[in-house]
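Kindly generate the complete structure, drawing on both the sequences and the hints.
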Amino acid sequence: MVETDFLVSYLLRPLGLTIAVLAVTSLLLLYRVVRGPTLADRMVGLNTITTKMVVLIALLAVLSQQYFMVDVAVVFLMVNAVGGLILAKHYEKGDKT
Amino acid sequence: MIETFLLLMGSFIMVAGAVGVLRFPDVYTRLHASTKCDTGGAMSILLGAALQIDMPVHVRLKLIILVFLIALINPMVSHAIARGAHRGGVKPDVTFDMYERDSD
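Note that the protein sequences, when read in sequence, are chains F and D.
Note that my numbering has the first sequence beginning at 40, numbered continuously upward.
Note that my numbering has the second sequence beginning at -4, numbered continuously upward.
Simulated from the structure, these hints should not be mistaken for lab results.
Partial pick of chain F residues on the chain D-facing surface, computed with a CB cut under 7 Å: (1) Asp80; (2) Asn86; (3) Tyr130.
In this text, all values refer to a predicted model and were calculated from it rather than measured experimentally.
All C-beta atoms in this analysis are idealised placements derived from N, C-alpha and C, irrespective of residue type, glycine included.
Okay, structure coming up:
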């Protein structure tokens, strides 16, 4: 019961509520990644999920007061940009795998 | 007060973007919903996190740098995905494709 009260006290703050919303919407977007009809749908879902994860890492760093994790979020955003550009250029060449 | 408003508005934009990506019929309409949710929602949530009380100044500056990088990178990746999908042969679900007419 103690753990449940702890969780509810975090969910009632706006920062914890935003973290919960980000996690739930990422799980909803996983449906589009698994069941996308084309590769472009999967790329759209993956791009959205990675941006949500960047915001989630930054919010967890602010919430737990371990501020070095913000640097991890910046690096993860740059890796996400390079990966998305490479996937889009690969899809532009016509390989549908 | 304003940071709570920014966090809740970003959460609402995130939920709307996820519903749009799940329910829209086409790659390009899904990309439209995804870009709105990524850029606007992430920027408002990170600005709300940067305005929290009891935090050092350099962490706020890093969060604002993250907001700037998201505003720079995310529309670029969305544009690249749309261009790659159109050139890779994904037809949009419309009656007349004006981008194909213009790019001939």
